[in-house]
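J.: Here's the letter readout for the chains.
Number of protein chains: 2
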Amino acid sequence: MATFRPHFILLLLLLCIITFTQSTPLFLGKYAKKPNKLSSYKYKTQYFTQQLDHFSFQDSGNFSQRYLINADNWVGAQRKGPIFMYCGNEGDIEWFASNSGFIWEIAPRFGAMLLFPEHRYYGESMPYGSKEEAYKNSTTLSYLTAEQAIADYAVLLRELKQNLSAEGCPVVLFGGSYGGMLAAWMRLKYPHLTVGALASSAPILQFEDIVPPETFYNIVSNDFRRESINCFNTIKESWGELQSMGENTDGLNQLTKTFHLCGELKNTQDLSDWLSSAYSYLAMVDYPYPSDFLMPLPGHPIREVCKRIDSAADGTSVLDRIFYGVSIYYNFTGAVNCFKLDDDPHGMSGWQWQACTEMVMPMSSDPEKSMFPIFNFNKTYEEERCIRSYGVKPRFRWITTEFGGHDFKTTWKNSGSNIIFSNGLLDPWSGGSVLQNVSESLVALVTEEGAHHLDLRASTPNDPDWLVQQRVSEIRLIKGWIDDYNQGKGSAFSM
Amino acid sequence: MATFRPHFILLLLLLCIITFTQSTPLFLGKYAKKPNKLSSYKYKTQYFTQQLDHFSFQDSGNFSQRYLINADNWVGAQRKGPIFMYCGNEGDIEWFASNSGFIWEIAPRFGAMLLFPEHRYYGESMPYGSKEEAYKNSTTLSYLTAEQAIADYAVLLRELKQNLSAEGCPVVLFGGSYGGMLAAWMRLKYPHLTVGALASSAPILQFEDIVPPETFYNIVSNDFRRESINCFNTIKESWGELQSMGENTDGLNQLTKTFHLCGELKNTQDLSDWLSSAYSYLAMVDYPYPSDFLMPLPGHPIREVCKRIDSAADGTSVLDRIFYGVSIYYNFTGAVNCFKLDDDPHGMSGWQWQACTEMVMPMSSDPEKSMFPIFNFNKTYEEERCIRSYGVKPRFRWITTEFGGHDFKTTWKNSGSNIIFSNGLLDPWSGGSVLQNVSESLVALVTEEGAHHLDLRASTPNDPDWLVQQRVSEIRLIKGWIDDYNQGKGSAFSM
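Chains G and E, in that order, give the protein sequences.
Going from the first sequence to this note's numbering is simple: count from 1 and add 1.
Going from the second sequence to this note's numbering is simple: count from 1 and add 1.
Because the hints were derived from the structure by calculation, they are not lab data.
Given the structure is predicted, the values throughout are model-derived calculations rather than measurements.
Cβ atoms here follow ideal geometry from the backbone N, Cα and C, with glycine treated the same way.
Any given hint could be a false lead.
[What the hints assert, rightly or not] With a straight-line cut-off of 25 Å between C-alpha atoms, the simulated DMTMM-like cross-links for lysine to aspartate or glutamate are:
no.: 1; chain 1: G; residue 1: LYS410; chain 2: G; residue 2: ASP315
no.: 2; chain 1: E; residue 1: LYS380; chain 2: G; residue 2: GLU160
no.: 3; chain 1: E; residue 1: LYS308; chain 2: E; residue 2: ASP293
no.: 4; chain 1: G; residue 1: LYS414; chain 2: E; residue 2: GLU168
no.: 5; chain 1: E; residue 1: LYS162; chain 2: G; residue 2: ASP408
no.: 6; chain 1: G; residue 1: LYS410; chain 2: E; residue 2: ASP484
no.: 7; chain 1: G; residue 1: LYS414; chain 2: E; residue 2: ASP485
[Unchecked claim] Output of the computed footprint for chain G on chain E, the stretches with three or more beta carbons under 8 Å from beta carbons of chain G:
no.: 8; region: 155-167
no.: 9; region: 190-197
no.: 10; region: 222-232
[To be verified] Pulled a few chain E residues facing chain G out of the computed Cβ check, cut under 8 Å:
no.: 11; residue: PHE56
no.: 12; residue: PHE58
no.: 13; residue: ASN63
no.: 14; residue: SER65
no.: 15; residue: GLU148
no.: 16; residue: THR412
Using the sequences plus the hints, can you model the full thing?
T.: Shown next, in the form of C-alpha cells:
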C-alpha cells in the first residue's frame, strides 16, 4: 500500500477546522514545507541576526533569520541594479522561492538581485533556537506578528544594502497570499525603502466588516455552481446526508467505508471538515492547466470534480458521488488506498496563532448562496476558542487600525503608490482583496479565470493568453516604477 | 530672597549636559509640567485604557492614558465635524494644550472637536501605576517609544470615533517639536485615520547622517552672530576664559561669585553646560514679542542678551559680560538673587531615555561656525554612556528604517500627502526639518524670523505680519484637506 506523504497528513491536521469551527480558512502555511524535490533555481542560503522585538527596548534577544539570495543577474550597485524581494509568508521560504517562478524568470531582463527572506517563526527562522521552544506558549509566540515580520524585512534590507553599498538600488516587493498582504502593507508603511509592490492574491480587506463575512465561502460555492448547478446542489445536500448517516446505527462505520478512511470515523464533523477543506483548496488552485502546487491536479480541477459527481451511474448515492468527486483532490494520482483524517485538528501552528491574535478574518456561510453548512462568525465564540487554545485574546480591530482598509479608495488614494493588486476571481481570497484601481499607481489586475496567485508561478506552455497578458502588464508596471525611480536618481542603468 | 521656581531647577537638572557630553539637546520636556497658572481653555479630562505593548501579544498589561477633550464647537458626527488632535509630546499634556492657542482659536471656524492625548510615560499617563514604577529600570521603560505612542493615538482615535458614531469625521493632526514629529510620522504611517497634519518645528531629519551633525549648534551660533559679531566672538572666547579661571587658585570660588551661584561651583563643566543651555533655549524661543513660554523673556531675547554683552562698560571682563547677558534668560524679571546649578545632570528623564534608545540625534560643534566648545558626535561614546546610564543600547539606524528621512524628496513624493512642515529659521531645530516643498501637498512653510513652533501659540496683538500670514496659510491648507475629504464623502457640513 502506498503510504501517505507527510505533507498530506499535515494538511489534514490543519485544514479540518475550516468550516464548522468558524476559524479563518488557512492560507498555504502547512503546504509550505521544504520542497520534496528541490527546484532548479539556484540560490545561496544566508542568515541574519534580527532583533526579536523591534518595537520595545526590552532585552528580548535575537534570532537568526534565514534568507535566500541570488545575484547571478544583478547588474550591481553602481548601475543601480534593482533588488526584488519576496516577502516570505507562513512557511518554509524554499517552498515559496520554488513556487514563485515569475520572479526568477523576469530577474535577467531587469538585471535584478533576488532576495527571499523567511518569515519569523516559520521554516528555519525560529526564535529561541527551535520550533519547540518558539511555539512553547503564548509568551514565546508573542512576537509572531505581521508588523514584526515586516520590520524584519525593513531592517534586513537596510543592512544588506549598506553592506553592498547598494543604498541607491530600487527595491521591488513581491508576495502571494499572506506574503502579498505583507508586500502591500510594507509598501504602504515603508514607502521610503521600496519603489513598489506586486501583491498577488492578498486579501488585505478580509478584516472586520470591510467585506461581508460570507464572501469567501460564496466564492468557493460559485466556483462549483458555475461548473454545474447539479454539482453545487449535490454538495449542499451532502451535509444533511452525512449527518443522517452518522446518526444511524453503524453509520460511522458505513461512512468509514464510503470514504475509504484508514481508521474508524469518530464523528461526522471530522469528515465534514475534511470535505470542506478540499472544496476551499480546490477553489484556490482552480488553475487552467495541470499543476502540482498543493496537490497534483488536472487543469480546471473543479470541473473534473463536478464531472465525477454529476456523471456517476444512476442510483449512485449522494455520498458516493461526493467521494468520487473529492478523490480528484485527495487522490488524483490514484496512489492512495485509504485516507487518514486529522486526529488533532487543534494542533498548534503558526498561522493559527496569527489567526487568533491579529489576523482575525471573519467568515460565515450564507444559507442561500453557500454550498457549505451554515454558520455565522461569532466574536465571543472566537475569543473563547483562542483563549482556550493559545491563552491569547484576539484583537479584532487592530489590523484595520494599523494598516487601514475601511474606505480604502479614499484613504489610500493620495497616500499610497505603486502597488499592483493582482487577483483571479476564482480564488476565494479575491473577495477580500482590492479589485478596482484606487489611483493611477494603485492598480488592480483582475483575471476572471485566474485562481490563487497564479501570476507568480513559472510560465508554462499551457498558459492561456489572459495569463500571459497579465504578466506582461505586471512587467510593464514594475518597469515603470524602476524607470521613474531612476529618472529621479540619474541612474546609469536602463533596461 | 526669592526662591527658585521648581521648574527652573528641573530645567537645569536636564539641560546641563547639552553640549560637552554630546547628548541630544532636549526639547521642551521638563518645562512641560502641569502649568502653574491654568490657562483659560476649558476641557474635560478623561482616561482611556491602552495596551502597553501594541506590537506583541505578550501579556504586558494596560495603562491609563489621559486625554483632554473639548467639544464645545463641534458641529457633531452627523455633519462630519472635524476632530483636531494634538499629538502629545514629552511632558504634561495640560502644558501643551495651554501653549497651543492656535488650535483653540481656529476650532470654532472649523466646527472642530479638540483632542489632546497625553504621551505615554509623561504627565499622568504612567504605565505600572506611577512614575516611580514606570521609570524603575530599562525593562519598565522599554515601551516608551514613538511607535507605541503613535499606536496609542491611533487606537484611541478609532475607539473614540466608534463610541461617538463619528467614523466619518475627518481627523487633522497637530504637533510641535517632538509632538510635530509624531504628527508627521503618524500622518505618514496612518494615513487611513487622518486627513492631514500640521507638524510645527519637527526635526524629523535630525537622524543619522541626513543633515550634518553641526547643524543645530551652527544655527544657535548664527542667531547670535546675526545680532552682533562681537557678541558671538565674546561667547566663543568665554569658554577659554572660564577654563583658565577655573584652573587658578581660588578660581572656582571667583566663578561662583561672578555668576552669582547659590552653591560653591565644583567644576567649570557644570557652568559651561548651564551657559550652553541658555544659548540653545534662547535660540528656540527667540520670538519677536515678549513671551513666557519657557521663561519670561523680552521680544527678540537674543538681541537683548547681545546688547548686554556688547554694551557693558569698557574694561568689563568677558565673564562678567557673559553673566550680564545670560541673566536675560535666567533672570529677566530680576527676582532671582542667586542661581543654582544642576547637581544631578544625569537624573533619569523620559526624553533622555528616548534619546538613548531610538531618538539618537547626532550633534557636533564645528570649530569655525559654532560659538560653542568644540566636540564631535561619537557613536561609541554615546553607546557606552547609554549602557552606563540606562542599561540600554541605542539603535542608531532604527528611526530612519521605520520612518525614513534619507532622500525624502524622492521617497515621500508619491507616498505621503497633506503635511505642513512649518519652521522658523531662528529655531535651531529647523535645520533638521523639512524646509522645501516635497510635493503639492507636502508643504514647507518657512519664516525667516520665526522660532520654535511659534505658529502654534495663541495670537497676540504683537504678532508680526509674516506670522499672521503663516497662520492664514495653515488655515487655508487645513480647510483644503477637509474640503477634499468632504467632497469625497458628500459631507453635509461646509465651512
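J.: Output the indices of the hints that this structure fails to meet, ascending.
T.: 1, 10, 13, 14
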